[in-house]
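Asker: Chains as they are written, first to last, in the working numbering: chain A, 159 to 381; chain B, 6 to 398.
Hints are computed from structural coordinates only; laboratory data are not their basis.
There's no promise every hint is true.
Said to hold, decoys possible - As a list, the in silico DSS-like pairs of lysine-lysine whose alpha-carbon atoms are at most 30 Å apart: (1) A:K279 <-> B:K39; (2) A:K331 <-> B:K44; (3) A:K199 <-> A:K279.
Said to hold, decoys possible - Here are some chain B residues pointing at chain A (derived, C-beta under 10 Å): (4) M54; (5) G58; (6) G132; (7) T168; (8) V169; (9) E176; (10) A177; (11) A180; (12) Y300.
Everything numeric in this text was worked out from a predicted model, so none of it was measured.
Note that the Cβ used here is the ideal one computed from N, Cα and C, for glycine as well.
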Amino acid sequence: MIGPGWRQVILHCSIRLARRLVPVFLTSIMADTLSIVVVEKDRDQALLIVDSLRASGDHEIFVISEEAGLARRISERNPDIVLVDIASPSRDMLEELTLASSPMERPVAMFVDRSDQGLTKAAIEAGVSAYVVDGLQPDRIKPIIDAAIARFHMFHQVRTELAQTKRALQERKVIDRAKGILMKAQGIDEDAAYALLRKTAMAQGRKIVDVADALVTAAGLLS
Amino acid sequence: MTVQTLKAGFIPLVDAAPLIAAAEIGFAEEEGLKLDLVKAPSWSTLRDMLAVGQIDAAHMLSPVPVAAALGLGGVSARFDAVSVLSVNGNVVGVSEALAGRMRAQGYGFDFSDAVAAGEALIAATDGRLRIGVPFPFSMHAELLYYWLGALGLPAPQGIDVRTVPPPLMAEAMAAGEIDAFCVGEPWGSIAVENGVGTLLLPGAAIWGFAPEKVLAVRHGWADDQPDMTSRLIRALWRAGRWLSQPGSRELIADVLARREYLNVSSEILERALTGAFVISAQGDRRTRDKFVTFYDGAANFPWRSQAAWIGQRLAERMGLDREGAISAAKSVFRSDVYRQALSGQLADLPGASEKLEGAIAEPTEVASASGTLILQPDRFFDGQTFDPSAPQR
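Turn these sequences into a full structure, and let the hints steer you where they fit.
Answerer: Spelled out as structure tokens, the structure:
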């Protein structure tokens, strides 16, 4: 049966779309499995998302990795839910679907659970956005959104860690080069060169890497 | 004055310049603000970040807050446009194949006459014209529907308007998915650089004074934070005034070119800022004075009549009640909040908050607080006017 809370997930229902609501209900009541489209370019990430969603229930999942003609490809699939990385510029192509310009299309809305603002916020912060067809019950959507949030949250963490590692490596390289320049110019050993960098940084209230970077730049200009 | 930090989102476009200048050149600082700028990957994500409170203010397509007020699109949030960040700044371009057919029919690509350009475009098109725009609710889409509709192409049925993110516009054209586009700079010039498109018209040739991007905040925020809102509006007004000086162009182009902002060469960015365009891969040059306006002619003033024009166009296309749409649209462009921020000191403000859109053919002096305000031409290419209080069209 249609739960009393169904309205809470529908934010958008233009006058033109309203008259089609009844048949849409019937489809969603009768369908046992949900059809989900995942828009994701990266194949490995897509597989991980699909795994998480499978664990949350028996769904029919389809991955679209091509940006070209995205709105058309999604319309052809006619899914109940679309999940997309909010970092993807092609997300704007999905906004077209909210207008459902042809009578054959099913109207979709971005998932915003009004009974639980936190869930929408969590989704956006984790980096995933979900578009949901009109008439789906919140209790059917929630496990899917939860699974997607958890998965995207992990992606986000991995990305942050990767960026940190990269930055650390980069900083290390700059410091090594600066040490080399000092060792050559001052005829000192590596430890003394590092101590000099650290002393200068402390005296100027700057980070060691910033001092090293300035030295490398200056040396580049002078050479 | 204590320094307050505000988070503001932007999309990498030349018309993000006021926000970037406010943060980088010191205009925010002058108002005791620290602007933390966040680059957003798409208009929908930027809108959602603002809706859930991840950011306080956003660079926003002028029709987005109007569409939200009409209940259109996939969001339930409401926004206020507290100032206009830029007027005009879009460019219409066509694919090389289409440009070739237009040339063969004798069209000269003057980059100014919208009637001649539109007629040549329609004559050279076989089948349904596929045009890329950055977002379903955008001045780009509105200008195209208005322009091609007035020239006899039934809009929206006669044209296939598709959403293509600006950085992917050149790619979509190269892949043959679109025949034409209307996009903000530098993405039109990038299509020219990549040899896939020829520029046909500046957006200003269709509507001489179209509000392009607005400074948007969550509905209610401006009323809860009047001081912060005023400071932000003033900082952006100062940034716009600075940007309007020819001497600023080179510097802002260099700043915008940086990786954290547009990551596009400053030479390409300068085209929109100076109005000196290369319109084709063959190197044809055309100039357009005031291609994008950040300050002149009270550009930052959020005219309620501009919002009304957008509202009535959306209502017409979506089958909504016109009167209701116009009044909802007007309430979104907060000329009251803008006045509060700038009255009595810096800017001269117009006496009225609505005007007859499309009625100014020459720079015109209008009634204002100190009587010196000169409005710039705002004509529609077909000479129509729009009266926000008596909408018959």
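Asker: Each hint needs a verdict: does it hold in this structure or not?
Answerer: So, going through the hints one by one against the coordinates:
For the hint linking K279 (chain A) to K39 (chain B), the alpha-carbon distance of about 25 Å falls within 30 Å, and the restraint holds. Taken as a hint, the K331 (chain A) and K44 (chain B) pair is honoured in the structure, with Cα atoms around 28 Å apart against an allowance of 30 Å. Annotation: proposed proximity of K199 (chain A) to K279 (chain A) holds, straight-line Cα distance about 24 Å (limit 30 Å). Because the closest C-beta pair between M54 (chain B) and chain A is about 7 Å apart, less than 10 Å, the hint holds.
At its closest, the beta carbon of G58 (chain B) sits 8 Å from a beta carbon of chain A; the interface hint therefore holds under the 10 Å criterion. Because the beta carbon of G132 (chain B) sits about 16 Å from the nearest beta carbon in chain A, more than 10 Å, this interface hint is broken. Below 10 Å, beta-carbon pairs count as interface contacts, and T168 (chain B) has one with chain A at about 5 Å; its hint therefore holds. A cut of 10 Å between beta carbons decides the hint on V169 (chain B): the least distance to chain A is about 7 Å, and the hint holds.
The interface hint given for E176 (chain B) is met, as the beta carbon of that residue sits about 8 Å from the closest beta carbon of chain A, less than 10 Å. Residue-level restraint check for A177 (chain B) holds (minimum Cβ-Cβ distance to chain A is 7 Å; threshold 10 Å). The restraint placing A180 (chain B) at the interface with chain A holds, with a minimum CB-CB distance near 6 Å, inside the 10 Å limit. Interface hint at Y300 (chain B): violated, since its Cβ lies 29 Å from the closest Cβ of chain A, which is beyond the 10 Å cut-off.
Checked against the numbered hints above, the structure violates hints 6 and 12; every other hint is satisfied.
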